[in-house]
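The listed protein sequences correspond, in order, to chains E and D.
FYI, our numbering numbers position 247 of the first sequence as 247, with every residue one higher than the one before it.
FYI, our numbering numbers position 56 of the second sequence as 56, with every residue one higher than the one before it.
Please note that a few of the clues may not be correct.
Pairs of lysine-lysine residues, derived as DSS-like cross-links and limited to a Cα-Cα distance of at most 25 Å, are as follows [what the hints assert, rightly or not]:
{"#": "1", "chain 1": "E", "residue 1": "Lys325", "chain 2": "E", "residue 2": "Lys261"}
{"#": "2", "chain 1": "E", "residue 1": "Lys325", "chain 2": "E", "residue 2": "Lys245"}
{"#": "3", "chain 1": "E", "residue 1": "Lys499", "chain 2": "D", "residue 2": "Lys309"}
{"#": "4", "chain 1": "E", "residue 1": "Lys5", "chain 2": "E", "residue 2": "Lys325"}
{"#": "5", "chain 1": "D", "residue 1": "Lys309", "chain 2": "D", "residue 2": "Lys350"}
{"#": "6", "chain 1": "E", "residue 1": "Lys419", "chain 2": "D", "residue 2": "Lys5"}
{"#": "7", "chain 1": "E", "residue 1": "Lys562", "chain 2": "D", "residue 2": "Lys419"}
{"#": "8", "chain 1": "D", "residue 1": "Lys176", "chain 2": "E", "residue 2": "Lys496"}
{"#": "9", "chain 1": "E", "residue 1": "Lys325", "chain 2": "E", "residue 2": "Lys459"}
{"#": "10", "chain 1": "D", "residue 1": "Lys499", "chain 2": "E", "residue 2": "Lys497"}
{"#": "11", "chain 1": "D", "residue 1": "Lys394", "chain 2": "E", "residue 2": "Lys5"}
{"#": "12", "chain 1": "E", "residue 1": "Lys416", "chain 2": "D", "residue 2": "Lys487"}
{"#": "13", "chain 1": "D", "residue 1": "Lys416", "chain 2": "E", "residue 2": "Lys499"}
{"#": "14", "chain 1": "D", "residue 1": "Lys560", "chain 2": "D", "residue 2": "Lys549"}
{"#": "15", "chain 1": "D", "residue 1": "Lys562", "chain 2": "E", "residue 2": "Lys176"}
{"#": "16", "chain 1": "D", "residue 1": "Lys416", "chain 2": "E", "residue 2": "Lys5"}
{"#": "17", "chain 1": "E", "residue 1": "Lys5", "chain 2": "D", "residue 2": "Lys419"}
{"#": "18", "chain 1": "E", "residue 1": "Lys176", "chain 2": "D", "residue 2": "Lys499"}
{"#": "19", "chain 1": "E", "residue 1": "Lys337", "chain 2": "E", "residue 2": "Lys350"}
{"#": "20", "chain 1": "D", "residue 1": "Lys497", "chain 2": "E", "residue 2": "Lys499"}
By construction, these hints were calculated from the structure, which means they are not laboratory data.
The primary structure of each chain is shown beneath.
There are 2 protein chains.
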Amino acid sequence: MLLSKLVGNRSKDNPSDAMIKSHALLVRAGFIKLVANGIWTLGTAAKRIASKIENIIREEMNAIDGQECTFPVVMPRELWEESGRYLTIGEEMVRFQDRNARDLVLGMTHEEAAVHFARDNVVSYQQLPCMVYQIQTKFRDEARARGGLIRVREFTMKDAYSFHISQEDLERYYQKAYDAYTRIFQRIGMKNVVAVKSDSGMMGGSVSHEYMLLTPVGEDTIVLCPQCGYKANMEVAECVIDTLKDEVSAPKEEVFTAEAKEISEVSAYLGVPEHKTIKAVSFQVKGETTTVLCFIRGDLEVNEAKLKKIIRKDIVPSNLSDSDKLVAGNIGPIGLKLEDAIIIYDASLKEANNMVVGANREEYHIKGVDFARDIEAKEYYDIAKVKSDAVCTKCGGKLHINNGIEVGNIFQLGTKYTKAMGMTVLNKEGASVNPIMGCYGIGVGRALASVAEESCDDKGLCWPMSIAPWQVYLCPLRIDNEEVRAKAYELYEELKKAKVEVIFDDREASPGFKFSDCDLMGIPIRAVVSPRSLANGEVELQLRDGSLKTNVKYEECIGKIKEIIENRE
Amino acid sequence: MLLSKLVGNRSKDNPSDAMIKSHALLVRAGFIKLVANGIWTLGTAAKRIASKIENIIREEMNAIDGQECTFPVVMPRELWEESGRYLTIGEEMVRFQDRNARDLVLGMTHEEAAVHFARDNVVSYQQLPCMVYQIQTKFRDEARARGGLIRVREFTMKDAYSFHISQEDLERYYQKAYDAYTRIFQRIGMKNVVAVKSDSGMMGGSVSHEYMLLTPVGEDTIVLCPQCGYKANMEVAECVIDTLKDEVSAPKEEVFTAEAKEISEVSAYLGVPEHKTIKAVSFQVKGETTTVLCFIRGDLEVNEAKLKKIIRKDIVPSNLSDSDKLVAGNIGPIGLKLEDAIIIYDASLKEANNMVVGANREEYHIKGVDFARDIEAKEYYDIAKVKSDAVCTKCGGKLHINNGIEVGNIFQLGTKYTKAMGMTVLNKEGASVNPIMGCYGIGVGRALASVAEESCDDKGLCWPMSIAPWQVYLCPLRIDNEEVRAKAYELYEELKKAKVEVIFDDREASPGFKFSDCDLMGIPIRAVVSPRSLANGEVELQLRDGSLKTNVKYEECIGKIKEIIENRE
């Protein structure tokens, strides 16, 4: 490829809306261009990277007996009604009508399509296990698309669906998929990825894992134990519940706390640590008027995902306003008049004593509360977010909190979809049963951006060899010099013949200009041909990651380049 | 791949709605499954074929310096307003709103996206020519989806867009694209394809070609001259205009024709051949009340595409009803009272004499009309469809009429999009000019179905080696026999090691059952391992196209298979 003809201009200016490095650098390198909110064009460099990622994914999916298919982007309403998701999925799913007023949707996931395809085609246990997958465009109408290719509305995703005769068989296959994912991220050169247990959300099912790239700019929160390797998404993470029980329980006593309402204010006013106070956090059941009121220690936060699982309903945060029954900032469990509310106490309160709680009247709290003694609560559940330095339930080590980008996920779906959509197979005994499903996703564009986020420096991108858009940046200096020109073009043709992927900077431009483009684009190997190098019959090779800079004889150049590529793929 | 695990059951029953062979066979072979009108899932066999077609297209596009990109499926209204097509394209384009009430469309072609991407990235003549392309999902809300994968609503298409500094450069590149297309169809094993001149329709521009697979089930009509090779889509096809002028012009005379109104009736009543009568054919300008009335010989049909070009307006067929000005079935050019109508005479009438025309009153026609003598018409144009056996304008040969399926098209677009969307580059002289564009499309699914349509027989599909889903169907007979089982599995593993694409029929089933599945699926090479063949230490090889049936020594089997594959790819 001649750089002069590449549709994709480099720029020195960061796009004004770019908050993370991969967004800024991919735009500046001319690899991607915004078309509309969350909708991008991938130029040829980005497409080459994406194709390499797709091929690695494809190889690993085929290695675990995946059958590549193509499910439709546009699907009929009826298909999504079969699973029940036409109504339960919100605005993130695009719905529209065709010319005959038929309702259609844009696919954001393809469980329905996979079951639709498999249910006529898989009828016996002898055909199981089987796995179908696709690498296909999807659309999800994200409320907040951002971060370049990290969170978009239109994206290419590999989504895979496996079918099994038993839970044991699913678990066996799930482990194979888990390992395939590990290999995929390794092969595309992603370094800090961990698989964490996760909440399976709208997908249904029980066991699931998310693959998280650990990075400060990630929007997900992950709990890690450096001592034993415990890893979990914050949504499902657990820690040892610290009861903080004092040896002696003081008597319960109402105390004046003036204007103090926030935990920090109450704590300061009374001179007690925040973890000896409790706060009330309220939610509302989505689509209902029911209030969910949580009591939790002042130093802890409510984990909404855990709470949803406990009450088995979707919730939204709500603010309780003052009324004859409630005094905001002074709400407490003793003497609470709230009716028709679901009241949940965090597990850490069960044995707590000497606690400060709201007195349910203006300017007062109650101190010396002993939950076992003073509260008739029965609903103690673990609803707290794990805090940094909390104690690991597995090994007693101290837990770390990290940010991460979700780059892949795998789910044990169970029979949710096969049951709802009436897919059955005959088992060995001749009985009709619903197959058990697993599903497995990776976003291609997000993987691309995640590698960019992790592998870059002040000068630009820095692609791993396995997914680099081109392996070699051939860079003649003084291309107006006849010998340089001739040798550079000769080398270009020979590299192509040797199946080396080369981008040839055929422009008349200064060395600084060329080198900075090369660095920005992140091509792994830079090969410089200049009057000076040719005077010694040499080509200068330099690796983008700084690990090598050497001169090689012109004749040995291609051999050396091939050697470097092989060692790094 | 083990056949027992393949998601895609074979069936003996033709789908009831299948009117053409490719539709019936692809469904029966379990390769595709209908999801909604014009929307299909491709199973892994079909996907493998599609991927091979895509790779051949990709190689040929890259060979003419194409830069593969990915443009969005979903695009904002604003982009399509820039080109003016948001309003001019009809119901075939899907329009919808996102959660923020922004208007979006589903792409059915990507000129707008290509110009949007190129206009910031290509700024100088030095970057030209360049070509960007993608292989991507598209959606066109076809009024009449049918024919399996031939005419669908959702489809995968390769669409390419080239940019040029001059018309000469476009024409040079257009020829390269033309040749690349010829190679593509050849490589995917399509045999009866011709490139014909076409009407460029809504794409704008002037010169364009369609690649047509000649087949009786095609919906397009193509005019071919077997003598000189002239080829054109019926929409633009020309022939020598036969004036049919008699030596002596009879006098004009009104004659009683009773109830005779249709050409066949008038011709029979008066005992004159149909080509000595004329008929009136009426249209209406789309969105207006203006009538377009065409007079054409009784034996000819109006070519709407030619007519549209002449009047430069879109038209729809209309029926003129009786009124004080018109007598349907007796309309003629003499004494016609129709006002505010566009009246067009076919070129064949200009010198015609002794013609029968309507008399504009009930039960009467006028015979002996000499157009040069009796009619003051000035608007003679070629608006007739070419008939079989008409005379070729190039060589005087007799023209043939064929049906065809459009499998690809290439257009010289001119500056329509770059002008409308404000894309300019600096030319050599430093002036700002609009680049000239070409565009080039191939539908992947339609190509797949077209090859299937052309390459099949009573038993099933018959894939060319270059795009076959698997190259070898490994077929053990009596797999319950231990030696057969062992040898077959050994061969399966060795074939995979040798990078031969093999589907292994590992089922316990009768030879007839297995052979008919193999034939239906159309796998090029069948390798049979049976107690009988193994008794001689042999494997039986048979080609699906009937060109070879032979026994080879077990040890030589892989070598022979590789040789067959190489000779046929």
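Numbered hints the structure breaks, given as an ascending list: 2, 3, 4, 7, 9, 11, 12, 13, 15
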